[in-house]
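Trainee: Let chain V serve as the given structure and place chain H with the ligand on it in line with the hints.
So the protein lines, in turn, are chains V and H.
1 is the number of the first residue of the first sequence in this note's numbering; add one for each residue after it.
1 is the number of the first residue of the second sequence in this note's numbering; add one for each residue after it.
The hints are simulated quantities; they were obtained by calculation from the structure and are not laboratory data.
Even glycine gets a Cβ: it sits at the ideal position worked out from N, Cα and C.
A few chain V residues that face chain H, going by a derived Cβ cut-off under 10 angstroms, partial list only:
#, residue
1, 55
2, 111
3, 113
4, 152
5, 234
With a straight-line cut-off of 25 angstroms between C-alpha atoms, the simulated SDA-like cross-links for lysine to any residue are:
#, chain 1, residue 1, chain 2, residue 2
6, H, 6, V, 224
7, H, 23, V, 37
8, V, 74, V, 204
9, H, 226, H, 182
10, H, 20, V, 38
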Amino acid sequence: MSARKSPRQQQLEAALLYPVDWLDERTGLLGGLRYFLFRNVPRDTNWMQTLGAATLTAFLVQAITGVFLAMFYKPDPNSAYESIQHITNDVTFGWLVRGMHRWGASCFIILMFLHMGRVFLFGAYKYPRELTWIVGVLLLALGMIEGFTGYLLPWDETAYWATVVGINIQASGPFVGPFIGSILKGGAEIGPETLARFYSLHMLAIPGALIGLIGVHLYLVVRLGITSPPWSPVAAGRERDDEEAPPTGRVGLVSPAPRGSASQGVDE
Amino acid sequence: MSSLEKNRADHKRYKEDVKKEGKPFFPYALFHDSLMQLVVVGVIIALSVIWKFTAQHEGGGTHPGLLGPLYTEKADPGTVSFVPRPDWYFYFLFYLLRIFKWPDSVILGTVGIPTLLLVIAIALPFVDRRRERHPLRRPVAMITAVLVIVAMGTLTWKGAVAKEPIASEAGALVPMWAQKQGFKGNADAEAGAKLFSQSGCLNCHVYTGAGGQNLGAPELTAEGAKGRGIDWQIKHLQCPSCVNAGSPMPSFKTLGADNLKKLATFLEASKGPK
Ligand code: HEM
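One chain only, chain V, in its complex shape (with noise of 0.2 angstroms):
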C-alpha cells in the first residue's frame, strides 16, 4: 500500500537518477556495484573476518596521508630532514597527517599479520582459496619491503644507519644480492641517488604494485566467497546427514560441534 508519487516527484527522481543512468548505461558499473553490496556471504561470519577490513584502511589511511606528505616532502639529503621538521612543527596539522603516516604502518603491518592469523585459524587458505592466499603473502611481503623504503626518507640518523646496514644485507645475498644492492643504493655510497631510488619505490613503484595485488585479493575474495568459521553449526558448506535438522544454540571455538556437521570432513 505504498502512498502513489505525485508526478512532480517522478519527475524529480528521473531528474536525480539522470546522471546514474547514463553511467550505468555506458559502464555497466551499477550492476557490479550491486552484486558487490548485495551479494550474500555466510549468515554466521564472526568479529574476526572484519579483519582484512581493517587492513584495507589501514592502507587507504597511509595512500591518503602519503599524498599530503609528498606535497611537503623533499627528497634529497641536503633538505630531506629539514622538510620533515617542517611538516611536523610547522605545517597546520602536518604533525597529525605525519604521525598518522608513521603510525598507520605499524598499524598496517599488525592487521596483515592478525588478518593472516585468523585465515590461517580457519583454514580458509585451502581449496579453492589458494589463491586469494598466495597474493596475500604477496602483500605482506611487499608491505614490509614498502615499509623498509619507507623508513630512509626522514633521513635522520635511525633512519640512515638501518638503511646502511639493511642494504649492505641485501648486497650480501647470493646471485643477484649485490646487483639489488647496487641498484638500491645507486652508487658507491648512500647518498642523493639512495634517497631517490627509495622515494621513488616508496610512493611509485610498491604502492601502485600493492593497489594492484589489493585489487586481485578482493576480486578473489568476491567471487570465492568468505568461509563461514569452521565451528558454526550452520556453516555454508557443512556435511549433512541425511535428514539432519541444523542443531541450536551457540556453538563455540572449543565446544565443537557435532562431527559432521560443521567441519568439512576428513579426507577418507
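Mentor: Showing chain H with the ligand alone in chain V's frame:
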C-alpha cells in the same frame, strides 16, 4: 570420489548454502566492517596524538615521549656513533643475525631464513591439502603456528630490548683495553681505540667482552693476531665488501685517512689476551 571432486562438491554446497541461508553483505556484514574501520582510524589518530604531545615539550622533536622521538638527529654519514636498528617488524630478523657467525652461516640468517619463510608461506595451501578446516582437528597446523608465533614473538622481544653499547660508556673502557692488550703508550693505537669505542664498531663486534654480536660480526679481541697488516685493515675499513666479498659491514671511509690509520694500528695492536 577423488579429493578434488570432494573439494568441488564442498564448494558447490557452500555456494548453495550462502545463496539460500546467507545474509546480504549490505547492511549486515558491512556494518561490522565499518565499525572496525572506525576503530582502526581512531587508534591511528590516538597513537599520533600521544606521540606528538608527549614528545613535544622540552627541547624539540628529538626528545622522546611515550612513543619515541619525532625524529632523531639529522643523518651524518661521517657520524661516529649510531645504532643500526631497523623498524620493529624487522627485529626478529635483526636479532636472528646475532645467532649466526660470519662467514659460514651468516647468509642463512640474512637470506636463507627470510626466503625460506616466504617459500613456506606460499607453499602452505599446496602442502596442507586436507579438507578439514576445524582448528581442533588440525593439531599439526595449530602447533606449528603456535611455535612460529612464539619464536617470532621472542625474537622480536629480544631485538627490542637488546642494548647496544653507548659510546660514552664504551669510551671508559679504553684504558683497560690498552692495559690488557699491552699497547699502552702507543699514541696511535690508543687514539684508534678511542675511535673504535665511539664509531659504532661495538654495535656489531665484541671486543674483550664488550659489545653486541650483530650480523654475525667476528670478535675482534685478537684481530691483530691474524697478521692482516695495517694496509689491509685500512682497505677493509674503507670498503669491507671489496675485501671480504658480501660483507654487510658499512664503509667507514668518511672517517678520513688519518683516523683509519689509527683504527688500523689499534686493530693490529690487538693481539688478544696472552
Ligand atoms: C594489503 C593487505 C590485505 C588486504 C587489504 C586484505 C583484504 C581482505 C579482505 C577485505 C578479505 C575479506 C574477508 C576478511 O576480511 O577476513 C580478505 C580475505 C582473505 N585474505 Fe586478505 N587482505 C590482505 C592481506 C592478506 C594476507 C597477508 C593474507 C595471507 C597470507 C591474506 C589472505 C586472505 C585469504 C585466504 C582470504 C579469504 C578468507 C576467507 O574466504 O575466509 N590476505 N582479505
